[in-house]
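Colleague: Dock chain to chain to rebuild the complex, using the hints, since each chain is given by itself in its own frame.
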Amino acid sequence: MSETLFPFVVVAAVIMGVAALLALIRIVRGPTILDRMIASDVMFTILLLALGVVMAVEPAYRTLVIMLALSVTAFLSTIAVARYVSKQDRTPEPPVESADREEDGS
Amino acid sequence: MSDLVLDIVAGVSLVLGAVFSLAAAVALLRFPDALSRLHAGTKPQVLGLALIIAGIVAATRDLTYLLMLIPVLGFQLVTQPVASHMVGRAMYRTKNHRPDLLVVDELADDVARASRDEQ
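Line by line, the protein sequences are chains A and B.
Going by the working numbering, the first residue of the first sequence is number 1, and it counts up by one from there.
Going by the working numbering, the first residue of the second sequence is number 107, and it counts up by one from there.
Excised from the complex, chain B in its bound form (with noise of 0.2 Å):
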């Protein structure tokens, strides 16, 4: 009985985190711009992989393999926002964004008066 419940955890999860990158995916196709697909295509790096090591240690029924897909996810919230930040500010400064989906933007006041020290 408790192998059922276990085993149907751990299928929902993996479906689950399936469905996470399915989503980013398609945010990838369907996005207008670049920095809107940055948004979305980070989602599955956090919360899919938890789903699936969830789903992994519900299936296998052996708690020894957290002790290295812990890192593993330990390292994806380390190292992904890095990486997603350095994209977005090659971005910015590259101007392959499109302003006129911003509904704000912080960044252009300090940029001009930057540019207006410099001199």
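In isolation and in its complexed conformation, chain A is listed as follows (with noise of 0.2 Å):
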């Protein structure tokens, strides 16, 4: 690494540790668990960042693998949570659905 691109280097890893710990601090106080996965998700992104940022500073091929592993497979909790959400959170409608039916029909 050059000496010009030392300090912006040090920059970019405190801002990005800012980040992490403002989503951290999302993530613990989230009121639903759909907060919490999507400042996981905001989490997962800056460790994407911050691993191209040492890719910047120390070229190698296995910081390119991590990367190419991690942006494939990331998304893949996201959606199993939001399923999870989904099924869970339906079953106390079907008494909202009945009582408007009862409604209609008198």
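Among these hints, one or two may not hold up.
Unchecked claim - SDA-like, lysine to any residue: derived pairs with alpha carbons at most 25 Å apart: (1) B:Lys201 - B:Ala160; (2) B:Lys149 - A:Val65; (3) B:Lys201 - A:Arg29; (4) B:Lys201 - A:Ser40; (5) B:Lys149 - A:Thr4; (6) B:Lys149 - A:Thr32; (7) B:Lys201 - A:Val65; (8) B:Lys149 - A:Arg36; (9) B:Lys149 - A:Ser2; (10) B:Lys149 - A:Ile79; (11) B:Lys149 - B:Val132; (12) B:Lys149 - B:Pro138.
If you are wondering where the hints come from, they were derived from the structure by calculation, not from laboratory data.
Modeller: Structural data, given as structure tokens:
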């Protein structure tokens, strides 16, 4: 790494550290599980970008492989949780629908 | 001379990409409901990554890394909208969003019509 690049990399690393900390706060505080999933998605993106910065400082093919694998598989967890939330919270709805039907019928 | 220019381009790209991730994280804390957080959270995933990739190429001066970095960006482009769509769908179905913040809710009419047709 050249002398010119060094301060930029330090600044980028500090900014990403702060961003990861803020995302972590939202993961801990998030009122619903969906808020937590969005925050963990952002956290994953920050990880991907941080790996990119590592790649710029110290080029290595193993870092590239990690970035590729992460970008391919990361969305699966979000989809799994979103499906689970949909199924879990659909059960309280039928009573509401049947109440509507009674209203229409009368 | 051109080395200096390339280094500065690389550094500025890296810092800008980091700033995008910071913007998303700040929005996660500041925005009122999960739908607006979802909107803000997807900002660094494409533009931030593209900037970081430009930074990598400018810093290493090696175009062969693009052979693997462009698929990374491409998979992000394909997979993240799917994940965001699923989260938004789950959010609407479980009524986790705040209806008072919506300007227009075009899905509400369709949901009402569909539940009427079911009977």
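Colleague: State the violated hints by number, sorted upward, taking the hints as numbered earlier in the document.
Modeller: 1, 5, 7 and 9
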